[in-house]
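Asker: Every letter in the sequence shown is one number past the one before it in the UniProt record's numbering, and letter 4, counting from 1, is 4.
Watch out, some of these pointers could steer you wrong.
Stated by the list, open to error - In silico DSBU-like links for lysine-lysine, alpha-carbon gap of 30 Å or less: (1) LYS43 <-> LYS64; (2) LYS64 <-> LYS37; (3) LYS49 <-> LYS37.
Calculated from the structure, these hints are not laboratory results.
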Amino acid sequence: LGHEAAGIVESVGEGVTDVKPGDHVIPCYQAECGECKFCKSGKTNLCGKVRAATGVGVMMADRKSRFSVKGKPIYHFMGTSTFSQ
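Can you build the whole structure from these sequences, using the hints too?
Answerer: Here you go:
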């Protein structure tokens, strides 16, 4: 098994317009803050804010995991929530 993922969208939340049920998708591993010098220069792969969050497997906005099993977090990115179906 690798850490990359692919899937088919089953449902979307209110206001989601970029994807629809049935779409084939691949998650983008590298996010970007859009504010640091690297993001502003087009070198988003060097975004320090994102690297600080991805290194510990949490989301950048609130430093929390979005998934859990039996009360324990399933970490994101290399953590790897791509196996958390």
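Asker: None of the hints should be skipped; say for each whether it holds.
Answerer: The hints, checked one at a time:
Straight-line distance between C-alpha atoms of LYS43 and LYS64 comes to about 25 Å, which keeps the hinted pair within the 30 Å bound. A distance of roughly 25 Å separates the Cα atoms of LYS64 and LYS37; the hinted pair therefore holds under the 30 Å criterion. Between LYS49 and LYS37 the alpha-carbon distance is near 11 Å, which keeps this suggested pair within the 30 Å criterion.
Hint check: no violations occur; every hint is consistent with the structure.
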